[in-house]
Amino acid sequence: MGGDDEVVVLSFSVTNENAAKDLVSWFEKGYEFILDGDRSPGEIAPNTHLVFVEVKRRNSLVDNIETLLDDLQTLSEYQVNDWKLKFREEKFDYSKDKIKHLVPLSPKAYRFERELGLNEMRKRSGIKEKLLYPKDKQDSAIKNYKGIAGL
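So the sequence shown is numbered by our numbering: it starts at 114 and just counts up by one.
Simulated from the structure, these hints should not be mistaken for lab results.
Heads up, a few of these hints could be off.
Here are the simulated distance ranges between beta carbons [to be verified]:
1. Lys236 x Ala262: 35 to 45 Å
2. Arg201 x Tyr144: 20 to 30 Å
3. Gly239 x Thr180: 43 to 53 Å
4. Glu202 x Phe146: 18 to 28 Å
5. Lys221 x Val122: 10 to 20 Å
Computed list of lysine-lysine pairs in DSS-like fashion (alpha-carbon distance at most 27 Å, straight line) [as the list claims (entries may be wrong)]:
6. Lys134 x Lys199
7. Lys204 x Lys134
8. Lys169 x Lys199
9. Lys209 x Lys169
10. Lys221 x Lys241
11. Lys256 x Lys221
12. Lys209 x Lys197
13. Lys197 x Lys142
Model, not experiment: these values are computed from the prediction.
Glycine residues also receive a C-beta, built at the ideal position from the N, C-alpha and C atoms.
Go ahead and model the full structure; you've got the sequences and the hints to work with.
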């Protein structure tokens, strides 16, 4: 649906295969902001399946996640504050502020963070730094808006 700079993948652990199928369907049919959904083809651990959803990497991501978690209260025993966030192999208690702090919320922020990290490794290794993303790269939505506006 898009590159890593344009999409965030959220995953949810589910203890039943049929529940995983239902949750994928619920996500895909119930939310405009969800681009795609899927589930793990098999168990990732005994009685554990993963459900994945792709969401556009935008500043609205935090509110979109909050909407999902609010609505999941009707399907599960979990309250919003019961959820855990796993980001780059580290677990945190869920909070909107934690997501804002950890997750790049725009394609530009993602590209900047990734390029900065890779160039730091190059520098330490004595390798020449380079740009990964052209400075004028814009996501397709911005290009479309500019085209409509005649810019």
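Hint-by-hint comparison with the structure:
Hint check: Lys236 to Ala262, Cβ distance near 40 Å, so the stated range 35 to 45 Å holds. At about 25 Å, the beta-carbon gap between Arg201 and Tyr144 stays in the expected band of 20 to 30 Å. Between Gly239 and Thr180 the CB atoms are about 47 Å apart, so this pair conforms to the stated range of 43 to 53 Å. Hint check: Glu202 to Phe146, Cβ distance near 26 Å, so the stated range 18 to 28 Å holds.
Here the CB-CB span from Lys221 to Val122 is close to 19 Å, well matched to the stated 10 to 20 Å. Our distance criterion of 27 Å between C-alpha atoms is met by Lys134 and Lys199, whose separation comes to about 22 Å. With a C-alpha separation of about 25 Å, the suggested pair Lys204 and Lys134 falls inside the 27 Å cut-off, and the hint holds. With a C-alpha separation of about 18 Å, the suggested pair Lys169 and Lys199 falls inside the 27 Å cut-off, and the hint holds.
This hinted pair checks out: Lys209 and Lys169 have alpha carbons roughly 17 Å apart, not beyond 27 Å. Distance hint between Lys221 and Lys241 is fulfilled; the C-alpha atoms sit about 22 Å from each other, no more than 27 Å. Restraint check: the Cα-Cα separation between Lys256 and Lys221 comes to about 14 Å, which is no more than 27 Å; the hinted pair holds. The straight-line distance between the Cα atoms of Lys209 and Lys197 is roughly 12 Å, inside the 27 Å bound, and the hint therefore holds.
With a C-alpha separation of about 24 Å, the suggested pairing of Lys197 with Lys142 holds against the 27 Å cut-off.
Consistency note: the structure conflicts with none of the earlier hints.
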